[in-house]
Structures are given as C-alpha cells and as structure tokens.
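Visitor: Sequence:
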Amino acid sequence: MNQVSSTLIEKNIITGNGTDYSSAPYKGAGVRLSFPDAQPQQGIYITKNSFSNNKGLAIDIVTSGNGEADGVSPNDGVIESASTEPNKGLDYPVFTLATIDGNQLTVEGYIGKNATRLSGVYTIEIYKAADDGNQQGLTEEGGTLIRPHGEGQTLIGTINTNANGSFSETFTVSSTSIVINDRITALAYDAGNNTSEFSTNQRVVATGVTINGYVYKDDNHNALREGNEVGLENVTIVLYNKSLNSCKSVLTDVNGFYQFSNVLNGEYDLIESVGQSVPTPDVCTPPETDPVDFVSTTPNLRTLLINNIPAQMNFGDFEGSRIEGTVFADNGIGGGTANDGIKNGNEIGLENTVVKALTGSSTLIEQTSTNGAGEYILYVPKSVVGNGGTVKIQEINNTS
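The working numbering puts the sequence shown at residues 39 to 438.
Hints are supplied without guarantee of correctness; some may be wrong.
To be verified - Distance condition first, Cα-Cα at most 20 Å in a straight line; then the derived SDA-like pairs of lysine to any residue:
#1 280 <-> 152
#2 166 <-> 218
#3 255 <-> 334
To be verified - Label-pair restraints from in silico Cβ distances:
#4 350 <-> 258: 17 to 27 Å
#5 370 <-> 258: 35 to 45 Å
#6 243 <-> 380: 48 to 58 Å
#7 342 <-> 44: 47 to 57 Å
#8 299 <-> 382: 45 to 55 Å
#9 313 <-> 361: 16 to 26 Å
Bear in mind the hints are in silico, worked out from the structure with no lab data behind them.
A virtual CB, placed ideally from N, CA and C, is assigned to each residue, including glycine.
The whole structure should be built from the sequences, with the hints applied where relevant.
Guide: Encoded structure:
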C-alpha cells in the first residue's frame, strides 16, 4: 500500500504471500505499507486478521525510500511523522511476561524502547503466533537482541495500555488453545488507528512465584520486623529484572505490605525507592530513597535469585537520623599524619570504645561501643532531636 490513509484491513486470512525473503529485493510481506515519499500515510487500521506462512513479515512498515519490503523496523521510542514513515512508525508492543495457569493467560509489557517508552493509551491485540522462521529482527534500535516477529494467526484478546504505555492483563483462554511453550505476539494501534508491525514472539511459561514483604518503622533500629512495629504506607518498591533490563513497581498498603506476583526464575534487584511511579518507575533502575525524615536500617537494594521458590524481603526504616564514625589511634603509623584528626596511613580503629549521642543539654540519647574496626553507628529519634536540633557526640576513653 502506498500513499493511502484511513484504510481498514479487517478479518482477513492473509497467507502464502511471496517467494523470497532472504535478501533484497524482499518479497512476501502479508501487508506492506510502503515508504510515504513525503505524502502522509496514516490511519491504516489492520485488525483482527489471521496471518500465516507468508515469506516475509505479516505487517511490514517500510522505512526506506525504494518502496521494497525491508523487514523488521526495530522500536525507536519515537512517534514519527506520517510523511516519513507509514502509520507514524508506531512501535510494537514488547512483552516482559507471558504465563499460563490452567486457562488463565497473563501478559505484561510496554510499547517502545525499554529506556524510551511511549506514553499514552494504545490498544493492543494479542495473538497466538505462527512462526515459520523468516521474521527475525532486532527488538529495538541500538540493541543486540534478535528474535522472530509474528505472524499473528489467532486473536486471543484486546487490551488497552495504561497512560504510560505499559500493560498487564489476564485472559481466560481455552485449556487447549494456549499451552506452555506456545508463542504469542501482538500489534498496537493508536487513537488514529495507526497500526504497528507485530512484536517479537514471547514464549508462554508456567506461572511464577511471589516476592513480598513489609516496609516497617524500625523503632529500635535492629533490622528486624517485630510485632509492635507499624508498617509504612505508600512506599514504592521496584523490581528490576536484570536479564530483561526492565522494571515494575508497587506501593505498600496501609500495613506496609507489598507484593509482586508471577515472578519468573532469574536474577532480580529489589529496591526501596520512595516517590517512583507505579506500575512502572520513572527511572529504571531508580535511586535508593527512604521516606522523608527516615533512614534505612536494612539495605535499600537486595539482589535475589528466584528459582521456583517464593521470596520475602522486609525493609526497615528509622524515623530520625543516623550518625556514623570511627574511633582510631591518631598516631601517624604507616605513613599517616599524627594528631591531624584524619584516619590515614595504617592508623587502626579502636575496638570497644563507648560513644554516646547527647542532646544539646547533655541528656543521653543513645550509646554504643565500637566494633573491631573502631566503627560506630548511633540513631537519634526525630521525636528527641528534630530538624535543625543539636546533637553532641562524646567518646568515653577506654582506660583498660
């Protein structure tokens, strides 16, 4: 198709096109949208068709000026002009998850590049794929992942994305129509009916496990969640999939509880990152951040290896301030400078030295003893010394 707009291609069986797709000039796309040659070409609505056994792509959106089919147009995270790419070069969906549990098919993903996702609401059609081995291509520009794309043969269902272009949906399917190790694919279209190419094929696997836990107010800062310690609401927890380089996020509930469901085997980072958006964080991977006026008593980033076993991780936060330091022998040993107030050279830390935190009026807040390296940590509750208050740190000389 060339120099056409506002066209409907619906409910057709499109199969057996072409003779050669191994080298240029490519032949055999099911539907080919030719380069617009400065003439706007948009609103070509390709929906509810059945594609199979075409020598080329099911839908080939041509991005070069000679009009020949050019294979997969990798996602670039950009909405193009209809005068330079047919259907505005709309990116196809990218799956991050496809699982089956009985007759429940769950899919998740987004539109665009992982680092530059397309915002806005799009409609996605999910299909069972018919892969005849001649639709290989990059997933996104600048990437290295090459996968088969389509063909979409049997329509499974239609969903809308969230406003940030991400999607998550569960379909009820026939127990025989989709099974483990089947492949699915998808296309997208916007409000103007600009339709994308088909996505990479996603293998359907068994349902994953859960990762859950609590973000809690660690009043005694011992990094353990205890019965009288309350949960912290509306804290963002991010799950980063290392192999896919993708993130999703949830908020804690009124009890501080969070949960990620259907997590597949692999290596993940779990990150406390207050203020990030859900269900997709603003940044992947996001910074480690605590609620306002809180400091962590547990690591804000945990690495997990999931292997068919659910995981639970709690995050402790203390309301107040944390003061850290080292008590050391300032003797200049090993190339250091003596009595300069800076630990340098081979100056050693002093173990079992008592260090106290006091209010401005010298009331004891907390005391601790240094560890083997001479290090100490003291916690100052906000209820005792608020923002802008004074804390005095006192060392009790070890005379033993």
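Visitor: Compare the structure with each hint and give your call.
Guide: Cross-check of the supplied hints:
Proximity of residue 280 to residue 152 is assessed by CA-CA distance (about 12 Å); at most 20 Å being required, the pair is judged to hold. Our distance criterion of 20 Å between C-alpha atoms is met by residue 166 and residue 218, whose separation comes to about 12 Å. Taking the CA atoms of residue 255 and residue 334, the gap is near 10 Å; set against the 20 Å cutoff, the hint holds. Hint check: residue 350 to residue 258, Cβ distance near 21 Å, so the stated range 17 to 27 Å holds.
Between residue 370 and residue 258 the CB atoms are about 39 Å apart, so this pair conforms to the stated range of 35 to 45 Å. At roughly 56 Å, the beta carbons of residue 243 and residue 380 sit within the given window of 48 to 58 Å. Here the CB-CB span from residue 342 to residue 44 is close to 49 Å, well matched to the stated 47 to 57 Å. At about 51 Å, the CB distance of residue 299 to residue 382 agrees with the hint of 45 to 55 Å.
For residue 313 and residue 361, the Cβ-Cβ distance of about 25 Å falls inside the hinted range of 16 to 26 Å, so the restraint holds.
Checked against the numbered hints above, the structure breaks none of them.
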